[in-house]
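So the protein sequences, as listed, match chains A and B. To convert a position in the first sequence, counted from 1, into this note's numbering, add 9. To convert a position in the second sequence, counted from 1, into this note's numbering, add 9.
No lab work stands behind these hints, which were simulated from the structure alone. If you're wondering where the values come from, they're calculated on a predicted model, not measured in any experiment.
Note that the list lumps identical chains together, so a pair holds whenever it fits in one copy or between two copies.
Below 20 Å or equal to it, Euclidean Cα-Cα: the simulated EDC-like pairs (lysine to aspartate or glutamate) are:
1) K267 to D251
2) K150 to E182
3) K44 to E120
4) K63 to D25
5) K150 to E244
Take a look at the letters that make up each chain.
Protein chains: 2
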Amino acid sequence: MAEASGPLIIIGGHEDKENDRLILKEIAERVGDGKLVIATVASHEPEGYFDTYKAAFAALGVTNLVELYVHERGETRDDRFAELMREAAGVFFTGGDQLRISSQIGDTPIERMVREIHNRGGLIAGTSAGASVMSETMLVKGTSSESHRVGDLHMAPGLGLVPDVIIDQHFAERGRIGRLLGAVAQNPRVLGIGIDEDTAIIVEGSRFRVVGAGAVYIVDGSGVTHSNIAEARPERTLSMHDVRLHVLSGGDSFDLDKRCPREPAPAKEKAD
Amino acid sequence: MAEASGPLIIIGGHEDKENDRLILKEIAERVGDGKLVIATVASHEPEGYFDTYKAAFAALGVTNLVELYVHERGETRDDRFAELMREAAGVFFTGGDQLRISSQIGDTPIERMVREIHNRGGLIAGTSAGASVMSETMLVKGTSSESHRVGDLHMAPGLGLVPDVIIDQHFAERGRIGRLLGAVAQNPRVLGIGIDEDTAIIVEGSRFRVVGAGAVYIVDGSGVTHSNIAEARPERTLSMHDVRLHVLSGGDSFDLDKRCPREPAPAKEKAD
Numbered sequence: 010m011a012e013a014s015g016p017l018i019i020i021g022g023h024e025d026k027e028n029d030r031l032i033l034k035e036i037a038e039r040v041g042d043g044k045l046v047i048a049t050v051a052s053h054e055p056e057g058y059f060d061t062y063k064a065a066f067a068a069l070g071v072t073n074l075v076e077l078y079v080h081e082r083g084e085t086r087d088d089r090f091a092e093l094m095r096e097a098a099g100v101f102f103t104g105g106d107q108l109r110i111s112s113q114i115g116d117t118p119i120e121r122m123v124r125e126i127h128n129r130g131g132l133i134a135g136t137s138a139g140a141s142v143m144s145e146t147m148l149v150k151g152t153s154s155e156s157h158r159v160g161d162l163h164m165a166p167g168l169g170l171v172p173d174v175i176i177d178q179h180f181a182e183r184g185r186i187g188r189l190l191g192a193v194a195q196n197p198r199v200l201g202i203g204i205d206e207d208t209a210i211i212v213e214g215s216r217f218r219v220v221g222a223g224a225v226y227i228v229d230g231s232g233v234t235h236s237n238i239a240e241a242r243p244e245r246t247l248s249m250h251d252v253r254l255h256v257l258s259g260g261d262s263f264d265l266d267k268r269c270p271r272e273p274a275p276a277k278e279k280a281d
Numbered sequence: 010m011a012e013a014s015g016p017l018i019i020i021g022g023h024e025d026k027e028n029d030r031l032i033l034k035e036i037a038e039r040v041g042d043g044k045l046v047i048a049t050v051a052s053h054e055p056e057g058y059f060d061t062y063k064a065a066f067a068a069l070g071v072t073n074l075v076e077l078y079v080h081e082r083g084e085t086r087d088d089r090f091a092e093l094m095r096e097a098a099g100v101f102f103t104g105g106d107q108l109r110i111s112s113q114i115g116d117t118p119i120e121r122m123v124r125e126i127h128n129r130g131g132l133i134a135g136t137s138a139g140a141s142v143m144s145e146t147m148l149v150k151g152t153s154s155e156s157h158r159v160g161d162l163h164m165a166p167g168l169g170l171v172p173d174v175i176i177d178q179h180f181a182e183r184g185r186i187g188r189l190l191g192a193v194a195q196n197p198r199v200l201g202i203g204i205d206e207d208t209a210i211i212v213e214g215s216r217f218r219v220v221g222a223g224a225v226y227i228v229d230g231s232g233v234t235h236s237n238i239a240e241a242r243p244e245r246t247l248s249m250h251d252v253r254l255h256v257l258s259g260g261d262s263f264d265l266d267k268r269c270p271r272e273p274a275p276a277k278e279k280a281d
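Generate the whole structure from the sequences, applying the supplied hints.
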């Protein structure tokens, strides 16, 4: 990712749309009075999504919103999409099914336009399925609220806007640490990033900052000394020794190149 | 813990009682035709627990079972308990509320008899609440399926049969990694041990081995470089950098003194 590329705002789902709107505010600040494309393509039934975001962003002064939806992959060459995305300041992928995003727009003119917007400094944001699709390889299905079985992971190629990471969302809420560990065990080259609901990472260059109410979990497998992920029996429970784990919360930042967290500057507080 | 002390079998809850009974078998092997005390004291309504275990153990050849229940702390000096526990080969604490175990039998003749059985080489086992109570300090309440808030943890003194650890149970099933991380952040002297359902650790001396269907998570905070657990605002989400995490599954073992996992001897399997 070139330093000149635009920011990415990657949200773990269920971002606050009615109260503080901390995360949507970060989007609003970057879009201003520019055009924001709301891509509801992850959803099989997109009705309502656009109106919800229209209301939430209107309250933050962002009013130039257009909806991008694709019923069938065949439509993606339609000229109206080029018109829709022309000079957009940002694209926001809403939730649903990450496979719907990748299968309907992957390797189409729409995906190329998304990359162009990113490359010329525009904002690309995504929540839930729209977060997962940012990674090179994305988690599609896997165990929640149980420990990982070595044969139980479904992955698929994502849009790859952030290289060398796997992003998972609704993280603590759906008990997904097991499946993220399993994904990283498959190849510790990728860094696992698990994002809670109403929590986001804002990626600029090779760094990101955490915003929102929950936590972001970083699973770094580079020092792993043993794992049984390549075992023949798929029902075997994952075993994985010497994982480095970071729990980040609002204000923390992280260096993706160095795989190293940075805490926020200390606030003046005292114990009692 | 002296090397001569008996084994501890610490179970994450919901151990299989009808099929393979892998974990109950480990108890049966150690008790044989000796007397096994089923302590249902964790439960406010113990009816049914004893009969369930009686049937499950009968199928494994263990038939000399007695029930230990205490309605009120005042009863614990009653002579019948001394008679009940005399020459027991083992004690098994069933599930319920760990605070009920510690508040009703902590610092009573019953607790002293449990320790005596342990010290002379007898088996002490516990599942769910009966697992939590093994640690020096036990988790009583905390967030599940969400990231940890710094002010959101309730701990209490346990029986302390395993020093320097905090044990949590129903671990992956109830999404408890957040609260265990929070507990370890409070003082990284303690090692966090999270045990899944139908999974157990068998502690002998300063080592344990994992048995059962799920995983055991070890949270080692000794290398933590930053945490915000002492922050003044209790609603703040936990931040904790550089945690060492191990995921262990059946056959793995762990050295509690060296804080170091050992994988099982490699089985002859090949990739395809």
